[in-house]
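Residue numbers (numbering that gives the first Met the number 0), protein chains in the order written: chain A, 0 to 348; chain B, 0 to 326; chain C, 0 to 142.
If you are wondering where the hints come from, they were derived from the structure by calculation, not from laboratory data.
Virtual Cβ for every residue (Gly too), placed ideally from N, Cα, C.
Just so you know, not all the hints are guaranteed correct.
From the derived model, a few chain A residues whose C-beta atoms are all more than 10 Å from chain B [to be verified]: (1) Ala178; (2) Asp214; (3) Cys251; (4) Glu276.
Lysine to any residue pairs mimicking SDA-like chemistry, simulated, CA-CA at most 25 Å apart [stated by the list, open to error]: (5) Lys80/B <-> Lys100/B; (6) Lys215/B <-> Glu292/A; (7) Lys40/B <-> Phe228/A; (8) Lys205/B <-> Pro33/C; (9) Lys205/B <-> Arg28/C; (10) Lys296/B <-> Asn47/C; (11) Lys152/B <-> Glu292/A; (12) Lys26/B <-> Val32/A; (13) Lys125/C <-> Ala203/B; (14) Lys122/B <-> Asp51/A; (15) Lys215/B <-> Glu39/A; (16) Lys275/A <-> Phe261/A; (17) Lys151/B <-> Lys193/A.
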Amino acid sequence: MGDFKFAREKMADVLSGLGEYQVLAPLMTGGVVRFREVEESDVPVGERGRYDNTVVPPKELMFPETETLFRYQLGGTDINVSEPEGDTGRVVIGIRPCDAQAFAIVDRVFGWDYPDPYYQKRRENTTLVGLACDEPCSNCFCPSVGGGPASEEYLDAIMYNLDDTFYLKTITKKGEELARVLSGVLQEAGDAEKKAAEKQAEEATSRIVRSIDTDGIPEKLPSLYGHPFWEQFSDRCLGCGICTYLCPTCHCFDIQDEVEHFDGRRARMWDTCMFKEYSLHASGHNPRPTRKERTRNRISHKYSYFPLNFDVIACVGCGRCINYCPVNIDILDVLEKSREAEVKEEKPA
Amino acid sequence: MVDNKTLQNKAREVISRDDVRRLIGWKRGTFGFEAAPAVIKDPSGADDLIFDATCVNNLASFITLEEKPPVPRGEEPDTRKTAIMVKGCDSRAIVLQLVEKAYERDDVIVLGIPCSGVIDRRKAREMFGDVAGAVEATCEGDKLVCEVGGEKKEVDRKELVMDKCLRCRYPNPVISDELLGDEVEKFADDDFSDVAEFAKKSPADKWAFWDEQFSKCVRCYSCRSVCPMCYCVECVVTNLRPQWTRRSTDISENTAYHLQRAWHLSGRCIECNECERVCPVDIPIMTLNRRMTRDVKELFDYEPGVDVETEPLLASFNPQDPEEFIM
Amino acid sequence: MSEEFEPNIVAFLCNWCSYAGADLAGTSRMHYLPNVKIIRVMCSGRVNPLFLVNALQQGADGVLISGCHPGDCHYLEGNFFARRRFTLMRNLMEHVGVDPGRVNMSWVSASEGAKFQDVVAEVVEKAKEAGPMDQFRRRQLNW
């Protein structure tokens with residue numbers, strides 16, 4: 000554990016000091032902020048001013064939208080298969096604590112019965128340098144699901160955006176290694192920075208307005224399986240993929256072969272349980288025939304199936320699904336109402 | 000603008016009818032500048048309904064969105080009507096759906112509401128920042144009175160409503176069984192100056208622009224899902240056999256998807272702006288659609304969704320259609 | 000470049016007029032440029048504009064859709080529908096910055112072998128001017 004600081008204008012030096020790593024930071028690309036590799040002239044958004052969070056979560060860094068699993072050549076009697084090269088050491092700068100927590104949740108799936116080498120390799124190679132939230136958005140509720148605006152638990156190091164300096168606190172070995180690489184740029188931080196950071200974290204926490212009491216919800220949701228309660232939300236669901244694609248913990252994917260002449264690749268790409276094709280069987284039967292079942296699945300997966308299997312709620316309270324849902328399906332509203340919904344005895348048919 | 004009491008009373012009356020199964024309206028959202036769509040099935044739900052400048056959603060999508068699993072043997076399908084509240088732009092979607100025979104005129108009860116513009120949440124965010132709690136916003140003449148966090152703020156209407164509202168030619172529903180509230184005057188004519196402005200760019204600049212925009216797309220298909228005119232049961236982009244668009248997100252497939260979407264809406268887009276509103280990564284989708292809308296108007300003198308008696312543009316032809324580019 | 004760029008042209012020809020026209024050009028020993036790869040369809044009205052997008056994705060540098068002259072359609076009105084469609088599709092392609100010279104349409108009857116020869120020459124010329132289509136071709140590099 001080390002405490003460092005660097006002046007705001009030194010950000011460029013910090014980034015160039017990380018030359019041996021591939022550096023990823025929130026950058027303005029095409030009008031939206033996304034995590035991208037930092038080129039020399041780029042200015043990370045978190046440095047320039049305040050940004051709440053990226054629209055597309057940084058899960059794309061470990062689990063890209065589209066990822067080649069292997070390539071092959073057809074023709075003749077031979078089929079050559081080759082694996083893509085892995086990434087080298089990477090540093091992610093400016094990730095929010097909630098999104099880092101999401102990695103810890105998704106780890107359980109990708110390291111479960113069949114470890115996923117692609118995901119795990121990236122995780123191992125990546126050092127996460129967080130940026131504590133100074134201004135949580137109005138739909139953030141991370142403290143309700145075990146996080147916080149300055150939660151350190153899942154980060155290797157955390158930065159605080161103080162007025163004209165950044166306070167950098169290393170948390171893990173990876174983080175300390177990073178501080179060692181940057182020893183030319185970093186200065187020891189004093190009590191003033193530590194106090195300011197603490198104050199900032201406290202203030203940020205106090206500004207979070209929304210919350211949910213998750214007690215009992217994992218057990219309650221399955222009892223509402225056939226309940227008409229879901230219809231008040233699914234009736235207005237459009238069946239688009241916003242909530243799942245923008246969710247930092249959603250991790251479903253589809254695998255497809257793409258062939259160009261004699262070259263092919265097997266790739267996986269994000270998939271979402273909100274599409275009807277997701278659960279469609281080859282026979283034409285669909286076990287989740289309407290949006291009611293799909294909405295139920297999404298919410299129940301996060302707040303019931305996942306906690307019952309892995310002991311942790313698959314939601315980090317980042318607020319993205321609430322902010323971007325075109326029809327205001329608000330997960331907190333759904334959970335609140337699920338508490339009120341009365342479970343009736345199923346009548347025998 | 001119709002007051003909420005009148006609206007709720009009318010809704011209650013309609014949903015109480017024996018031949019009405021559901022009524023689609025708006026209710027207050029849980030936060031911010033956008034109301035939520037509400038589907039009510041009994042009179043008690045009518046108390047939640049509202050209409051004000053936060054009611055952005057085009058509810059016409061919900062008529063065709065409903066998925067009907069097969070009716071169990073021995074049961075009769077429910078053929079009762081759907082009642083729906085529409086603004087001017089939304090009503091054009093209903094007209095076009097009727098033109099395309101998506102359903103019968105008797106299947107729907109259209110409650111038209113004259114509208115003086117709805118709020119653009121992106122503009123509102125610029126103006127008010129991140130707002131906790133739901134906002135109420137009523138039009139009073141040229142002003143929008145927004146109740147933000149218990150505080151009333153008066154804003155120039157032009158600065159807060161969506162761009163589509165500033166050039167809206169149909170603020171009053173073009174089709175309705177009943178009109179709630181008094182008709183409003185139309186604001187301006189649409190001169191398509193934005194399209195002309197974009198057309199001035201060089202081909203390389205145009206592609207550079209779209210390259211950047213299409214690259215952002217995560218293919219959540221929200222633009223398709225929200226569109227009242229995208230109601231195919233099986234969409235060409237998700238079909239696997241033949242697979243016209245691959246699922247991978249790269250510039251090639253993303254471009255193919257957006258060209259397909261824009262193409263399928265040429266001569267069908269009724270300019271409700273929903274696709275652009277819902278896009279999480281802010282792709283200016285209407286810039287594609289509006290080019291098509293302008294061309295359709297100039298080349299074929301056709302405007303979709305204003306007359307139930309017309310034929311769909313691409314299912315009809317005129318032997319005298321222009322053909323300058325054909326060799 | 001030492002070698003001159005030779006574009007790939009995909010031509011969708013209707014069975015009753017344009018394909019017969021191309022056939023006539025061939026049997027009359029008229030030389031038309033070999034850049035053109037012909038796909039026979041039953042009617043120009045059968046050509047879905049998505050074929051065009053897909054052809055450009057898969058490596059075409061230009062596309063030609065050819066049918067019977069207006070009024071001569073074997074199916075009476077298929078080419079009228081095609082005309083509307085491709086007028087709009089061409090504008091849409093132009094709007095996203097694709098060279099309009101890549102999207103071509105012609106009326107070639109069964110007796111117009113010479114016209115087919117000219118059309119192909121013009122289409123190839125336009126595609127040469129536009130250069131290789133690299134805007135949204137499926138790239139294998141980034142796989």
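>> Hint check: Lys205/B vs Arg28/C, CA-CA at most 25 Å. Holds or violated?
In response: Not OK: Lys205/B and Arg28/C at ~43 Å, beyond 25 Å, violated.
> Regarding the pair Lys40/B and Phe228/A, is the alpha-carbon distance no greater than 25 Å?
Replying inline: Holds, at roughly 13 Å.
> Does the structure keep Lys122/B and Asp51/A at a Cα separation of 25 Å or less?
Replying inline: Between Lys122/B and Asp51/A the Cα gap is close to 17 Å, so the pair holds against 25 Å.
> Do the alpha carbons of Lys26/B and Val32/A lie within 25 Å of each other, as the hint requires?
Replying inline: Roughly 32 Å between the alpha carbons, so the hint for Lys26/B and Val32/A is violated.
> Taking C-beta pairs only, is Ala178/A more than 10 Å away from all of chain B?
Replying inline: holds (33 Å)
> Are the Cα atoms of Lys80/B and Lys100/B separated by 25 Å or less?
Replying inline: holds (16 Å)
> Taking 25 Å as the top limit, are the C-alpha atoms of Lys205/B and Pro33/C close enough?
Replying inline: violated (32 Å)
>> Run the distance test for Lys215/B versus Glu292/A: straight-line Cα separation, threshold 25 Å.
In response: Distance ~30 Å between Lys215/B and Glu292/A Cα, so the pair is violated.
> Does the structure keep Lys296/B and Asn47/C at a Cα separation of 25 Å or less?
Replying inline: holds (22 Å)
> Under the criterion that the straight-line Cα-Cα distance not exceed 25 Å, is the pair Lys125/C, Ala203/B satisfied?
Replying inline: holds (17 Å)
> Against chain B, does Cys251/A keep a CB gap of more than 10 Å to every residue?
Replying inline: holds (13 Å)
> Is the nearest Cβ of chain B still more than 10 Å from the Cβ of Asp214/A?
Replying inline: Holds: least Cβ distance 21 Å, greater than 10 Å.
Checked against the numbered hints above, the structure breaks hints 4, 6, 8, 9, 11, 12, 16 and 17 and satisfies the rest.
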